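> Whole structure, please, built from the sequences with the hints as guidance.
There are 2 protein chains.
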Amino acid sequence: MQLLEAKEKFIQQWGSLGSNWGINRTMAQIHALFLISEELLSAEDVMEALKISRGNANMNIRTLIDWGLVYKEYQAGERKEFFRGEKDIWKVTQRVMKMRQRQELDPMLNVLTQLQTVKSDKKNKEEVEAFTKQIKSIKSFAELADSSLTKISGSEENWFLKTFMKFMR
Amino acid sequence: MQLLEAKEKFIQQWGSLGSNWGINRTMAQIHALFLISEELLSAEDVMEALKISRGNANMNIRTLIDWGLVYKEYQAGERKEFFRGEKDIWKVTQRVMKMRQRQELDPMLNVLTQLQTVKSDKKNKEEVEAFTKQIKSIKSFAELADSSLTKISGSEENWFLKTFMKFMR
DNA sequence: CTGAACTTTCAATAATTTTTGAAAGTTTAT
DNA sequence: ATAAACTTTCAAAAATTATTGAAAGTTCAG
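These protein sequences, in sequence, are chains A and B.
Just so we're aligned, residue 1 is where the first sequence starts under my numbering, counting upward by one.
Just so we're aligned, residue 1 is where the second sequence starts under my numbering, counting upward by one.
Honestly, the hints are just simulated from the structure, not real lab data.
Everything numeric in this text was worked out from a predicted model, so none of it was measured.
Among the hints, erroneous ones may be present.
The list treats identical chains as one, so a pair stands whether inside a single copy or across any two.
Unchecked claim - Below, computed lysine-lysine pairings styled on DSS-like, alpha-carbon distance capped at 30 angstroms:
| hint | residue 1 | residue 2 |
| --- | --- | --- |
| 1 | K91 | K139 |
| 2 | K91 | K136 |
| 3 | K51 | K80 |
| 4 | K162 | K123 |
| 5 | K51 | K166 |
| 6 | K87 | K9 |
| 7 | K72 | K91 |
| 8 | K98 | K123 |
| 9 | K162 | K133 |
| 10 | K166 | K122 |
| 11 | K51 | K139 |
Right, here's the structure in full:
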């Protein structure tokens, strides 16, 4: 396989992976492009490489910066902005987990907490009890996931790998 | 909060969680409905509860069955099919992980393996080396994720919790 | 200050994904 | 074999999500 073909293939595959991960296809493709580019890239470079519009490139690069997956950098003597991607796949994973924790798990936990306050009356006592029990069990699980994510996203790769290997043995 | 309102809220929230998880909104809502329903439900019941069409209900129930999140059951003396949801949230998580491993991680690993065969020539030797190195590091990570998922999806909740607690300490 | 170089915004448009519902298919009781 | 009860399919329609590109905004050198 030729390098160009391989790069293209990687970008496509990363794009489709991303789209199952709350990351839109183009954003994931831009991220893939950064993952395999040694050099700094400008918005223009991204537009050309992926054949997308200026607005689209700008918006998705911005979001990638918000996620901590791409950094803005200045190139001496250039007016234009340049970007570089986070290459460390472990850090990438941590950032994505953190972001999804905030966007998904935290709202879910809020709702689950509210749902525990459901009132029962004599008519539906049993039904309410069954409901509350199930909500409680989902909430416990969500809390476990939440604290694990918090721990993991603050940890070093080494710590993680070492402990994880033990865990998996 | 009233029970009905609480159920409605749970279904909505689970729906929006699902839509970030490669599970479409309606499928996730149907799943939520099953999570909080003690009784068996027919396709008709689901249609009514969520105000969706027959085709939609049928298709999504079928997919939930494929995912192992809903079971078909027969009610004595009834012609109609009835369904019951998997209530154990740990099992639900295992099934979802397993499914996503198959649908996302495995194809990714295949592509990564292919990409390692990229040919270099004198002109782009260094570029190919950098690319191969990065692909290799992504692949190692993906393999770690893959084997962890395989281990986790086959394990008992108790084993998992116990080991995980140790891990998180 | 001015204008060139660059970035951001956003309404219109396009692409994708989901839903509907009627028709076709299947199963079962008689 | 028939027909009623039920399930599945799928093309068309609706809803949602992503993309474009031109216009507005910003920054900075001269």
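> Hint by hint, which ones does this structure get wrong, listed from lowest number up?
The structure conflicts with hints 4, 5, 8 and 10, although it agrees with all the remaining ones.
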